[in-house]
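Based on the provided sequences and hints, a complete structural model is requested.
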Amino acid sequence: MSEITAMTALEVSKKVKDKELKVAEVLKAQLDKIKERDPEYHCYITVSEEEAYKQADEVQARIDSGDLQGAHLAGVPMAVKDNICTEGIKTTCASKILSNFVPTYDATVIEKLKKSGAIILGKTNMDEFAMGSTTETSYYGEAKNPWNKKHVTGGSSGGSAAAVAAEEAFYALGSDTGGSIRQPASYCGVTGIKPTYGTVSRYGLIAYASSLDQIGTIGRNISDCAASLEVISGHDRKDATSIDQKSYEYTHALIDNVKGLKIGVPSDYFDDGLDEEVKDSLFKAMEVFRRKGAIVEEFELHSVKYAIPSYYVIACAEASSNLSRFDGVKYGYRTPNYEGLQEVYKNTRSEGFGDEVKRRMMIGAFVLSSGYYDAFYNKALKVRAIINQSFQKAFDRYDIILGPTAPTTAPVLGSSLADPLKMYLSDIYTVSVNLAGLPSVSLPCGRDSKGLPIGMQLTGKHFGEKDIIRAAYSYEQEACYLRPNLDERKVH
Amino acid sequence: MKAYETVIGLEVHVELATKSKIFCGCTTQFGGEPNTHCCPVCTGMPGTLPVLNKQVVEFAMAAGLALGCTITQNCKFDRKNYFYPDLPKAYQISQLYLPICRDGGIEIETESGKKIVRIHEIHMEEDAGKLVHDPWEDCTLVDYNRCGVPLIEIVSEPDMRSAEEVVAYLEKLRLILQYLGVSDCKMQEGSLRADINLSVREVGATEFGTRTEMKNMNSFKAIARAIEGERKRQIELLEYGKQVIQETRRWDDNKDTSFAMRSKEDAQDYRYFPEPDLPPIEISDAWIEKVKASQPELRDEKMLRYQKEFDLPAYDASILTASRHLADLFEATVALCSKPKEVSNWLMVETMRLLKEMEMEADEIRFKPTQLAELIELVDSNKINRTVAKEVFEKVFKENVNPAQYVEEKGLGMVSDDGLLRSTIERIISENSQSVIDYKNGKTKAMGFLVGQTMKEMKGKADPGRVNEIVKELLDLA
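Protein sequence lines, in the order shown, are assigned to chains A and B. Positions 1 to 492 (my numbering) are the ones given, in order, by the first sequence. Positions 1 to 478 (my numbering) are the ones given, in order, by the second sequence.
Misleading hints may appear alongside valid ones.
[Unchecked claim] Here are the simulated DSBU-like cross-link-like pairs (lysine-lysine), alpha carbons at most 30 angstroms apart as the crow flies:
1) Lys-76/B to Lys-330/A
2) Lys-76/B to Lys-379/A
3) Lys-80/B to Lys-238/A
4) Lys-330/A to Lys-130/B
5) Lys-238/A to Lys-290/B
6) Lys-246/A to Lys-76/B
7) Lys-215/B to Lys-346/A
8) Lys-292/B to Lys-172/B
9) Lys-330/A to Lys-215/B
10) Lys-221/B to Lys-232/B
11) Lys-80/B to Lys-346/A
12) Lys-80/B to Lys-96/A
13) Lys-238/A to Lys-19/B
14) Lys-90/A to Lys-130/B
15) Lys-346/A to Lys-130/B
[As the list claims (entries may be wrong)] Every beta carbon over 10 angstroms from chain B, so not counted as near; a handful from chain A, in silico:
16) Thr-335
17) Ala-375
18) Gln-477
The hints are simulated quantities; they were obtained by calculation from the structure and are not laboratory data. Please read all numbers here as calculations on a predicted model, not as lab measurements. Every residue, glycine too, gets a C-beta built ideally from N, C-alpha and C.
Here you go:
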């Protein structure tokens with residue numbers, strides 16, 4: 001059955017709609033693959049098998065009745081990052097504090113997916129509350145990179161990226177606050193897209209940093225990403241930051257043509273911090289674009305070095321506030337050891353949260369405290385405005401900004417935990433995109449000498465998703481790089 | 001003892017009368033079984049997001065415009081972070097940096113004259129839930145029904161100098177807000193609550209003294225007593241050479257004293273920052289104009305109009321407009337029966353008497369304009385006399401009966417059968433021969449006695465004018 005799970009999401013959906021495959025048949029193949037591989041890679045926290053079979057029956061009936069003709073991904077099993085609320089299915093944020101939390105409602109993206117005939121396989125592993133760049137801070141244990149089990153998957157959507165790479169899901173939802181879709185996509189050799197802030201409803205996404213968080217998709221190729229993004233995008237009146245855009249037909253941008261497309265490459269991205277092999281792959285990618293008729297130019301973006309500190313101040317500040325609702329009073333874990341209210345709070349939170357989450361909440365509380373607000377938080381907001389301006393200026397000249405997704409390929413498990421600052425730096429190329437709210441995609445552009453995948457990041461203007469999708473699609477058609485084949489890899 | 005001056009500023013929380021909550025579609029209705037008026041949004045479930053109710057902005061703007069404020073056209077919300085079980089998100093969405101209204105003021109009048117109390121700002125925020133302590137089970141339960149009920153907080157400058165001024169300010173504020181329809185301002189239900197900031201200083205001093213804050217006062221009487229108590233306490237401290245400590249105090253109206261709740265030292269750092277889940281609110285000139293145009297007539301205008309349009313005395317006009325509900329009732333009734341003075345009398349005299357007797361507020365009146373108009377019509381067309389009318393009105397007021405139907409059922413209609421009247425009076429005259437002799441001897445009082453006896457015999461249902469006529473006629477014949 002492995003030939004089913006090796007297909008792309010769009011291929012599977014077509015076969016299901018053409019009655020060549022039954023939804024339940026696809027689902028069974030996928031669940032079998034999960035049973036075979038997940039003990040090894042640990043992409044999932046929860047697999048909701050029973051619920052998935054129920055959905056498969058319903059979707060099959062809708063397909064048979066012709067109800068889902070226009071739905072690109074009807075009948076395709078997919079995975080959801082465990083910080084997106086699913087009614088009746090445990091949603092833990094990979095934290096002890098929500099280890100028993102079963103939401104009473106569906107996130108808007110889940111409503112949309114169900115409506116268009118998706119089958120939800122379960123909830124994927126992640127860094128606790130999406131804080132981390134390796135999926136090692138999960139209360140349930142780390143996920144492992146399908147290319148090499150000794151390496152991390154990246155984070156925080158590491159479970160989602162690894163599930164897609166290991167053929168444990170056709171595509172997956174992730175969330176991206178500072179690179180949490182793109183960086184694991186890069187480490188796991190898959191394609192991940194983070195849309196413009198406000199394009200996808202955040203209703204039902206358990207917040208890490210509200211002004212930066214955005215849900216996006218991870219797929220085997222850009223076509224699956226575009227198709228799944230099309231399903232989940234759109235204005236939602238339940239999210240006041242959701243923006244009403246007219247066109248969400250991202251699949252229309254799957255065109256092999258970059259003639260005249262202006263691509264800017266920030267020279268500041270290629271300094272000492274960047275791994276040589278990553279650099280080489282990117283230069284080759286730039287050549288591909290040039291060969292296909294795009295205009296590729298270097299320019300200076302500046303502001304890059306301020307992005308990380310500004311990001312951590314803003315993200316931690318918002319996180320300290322967003323996570324204060326987990327107090328043991330209303331839901332989730334409550335300490336059994338307490339006398340009085342203050343102890344309920346203190347002990348629940350001390351026992352319920354992991355170290356990285358505590359560290360960020362403390363940083364956040366500190367930068368917001370009345371004595372330090374202006375020195376840190378306010379200053380970070382100003383830096384954010386400057387970063388925004390420098391992108392605006394760049395987009396006056398270019399349609400797309402091309403750069404690396406991460407400075408290196410996937411590090412070895414455990415190596416970043418000892419040095420959080422080093423881990424924070426793995427987001428250096430991704431965070432400024434979130435600060436500016438821009439759309440950005442990471443796609444594979446080669447492998448290093450250890451065989452680990454390298455990612456390229458294409459960033460567009462606000463609502464410029466179609467530009468980056470077209471560029472990614474064109475690149476995919478030319479690149480010698482092929483999507484991973486796990487069975488072949490085992491031979492290495 | 002030195003001469004001291006009291007300096008008072010108020011923070012007044014007002015629950016807005018919107019149908020749904022500030023950030024979700026749940027009802028704002030008071031009461032209701034615990035935790036039945038809530039949803040994932042107002043209980044702060046993980047992943048939920050607030051969406052602003054436009055009506056709240058319009059109500060806040062209406063209040064601001066009526067209080068002479070400037071509207072902040074690019075205002076936004078901020079988060080105020082603190083842990084408390086009745087605050088489910090562990091932060092309150094409020095406004096710190098850019099409140100919706102600023103720099104207003106209202107004129108108050110006390111025995112010492114008129115003065116302006118300046119308004120520093122008005123901001124919008126959400127209410128918290130309620131803790132219910134169960135002494136039997138020795139536990140605390142949480143009711144989230146009130147979570148997310150919209151509030152505006154009206155912050156005055158420290159311009160008041162006495163309890164009398166504070167009460168005048170609050171009464172005026174309440175009246176304006178009720179007239180605007182933005183709040184019912186029921187203190188007993190907590191829809192209007194005041195925090196009092198009070199300090200004292202020597203007369204002539206320019207610096208303010210150290211202030212204390214008394215929280216959540218919910219009756220005018222308690223407020224007046226608390227101000228007096230706190231003023232004395234602070235003066236006493238200063239007279240003994242001690243210092244007033246900046247702290248929050250709770251007034252206990254039963255013990256007639258206040259006690260410290262928390263001092264400045266353990267005051268919270270609320271770690272305010274701009275609310276990232278809500279975009280800034282852009283208020284256009286056109287929007288302000290629209291709210292301005294839909295502003296209802298306020299009390300002062302209404303008082304003048306009643307005197308002019310309905311030819312009412314100033315006294316009547318001031319009583320009728322002292323409550324929006326009473327004024328509305330008045331106007332609706334006049335529209336039905338076009339007898340302004342008559343309607344005014346029923347409202348000013350009988351209604352006021354019954355309200356006082358039953359310890360009710362004007363907005364608790366249950367009868368409808370149609371009922372009062374019908375009653376007036378019954379009197380006007382001689383169907384009942386005034387004595388009966390008062391009796392019927394009391395039934396209307398207390399039991400909400402239908403006047404015409406009640407008169408019919410109880411047989412209270414005036415007896416207009418002249419033959420019956422005449423024979424009754426003849427009988428009474430023959431039974432009271434002494435009165436006839438007295439009348440003949442010029443004692444006119446005797447006639448009054450006979451009229452009274454007749455009214456009594458007729459159980460009050462006779463037309464007193466007609467009875468007078470017949471008694472006189474028969475006496476003169478006798």
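The hints, checked one at a time:
no. : hint                   : in the structure
1   : Lys-76/B to Lys-330/A  : holds, 29 angstroms
2   : Lys-76/B to Lys-379/A  : holds, 19 angstroms
3   : Lys-80/B to Lys-238/A  : holds, 22 angstroms
4   : Lys-330/A to Lys-130/B : holds, 14 angstroms
5   : Lys-238/A to Lys-290/B : holds, 26 angstroms
6   : Lys-246/A to Lys-76/B  : holds, 27 angstroms
7   : Lys-215/B to Lys-346/A : holds, 27 angstroms
8   : Lys-292/B to Lys-172/B : holds, 20 angstroms
9   : Lys-330/A to Lys-215/B : holds, 27 angstroms
10  : Lys-221/B to Lys-232/B : holds, 17 angstroms
11  : Lys-80/B to Lys-346/A  : holds, 20 angstroms
12  : Lys-80/B to Lys-96/A   : holds, 27 angstroms
13  : Lys-238/A to Lys-19/B  : holds, 18 angstroms
14  : Lys-90/A to Lys-130/B  : holds, 29 angstroms
15  : Lys-346/A to Lys-130/B : holds, 22 angstroms
16  : Thr-335                : holds, 15 angstroms
17  : Ala-375                : holds, 14 angstroms
18  : Gln-477                : holds, 38 angstroms
The structure meets every hint from the earlier list without exception.
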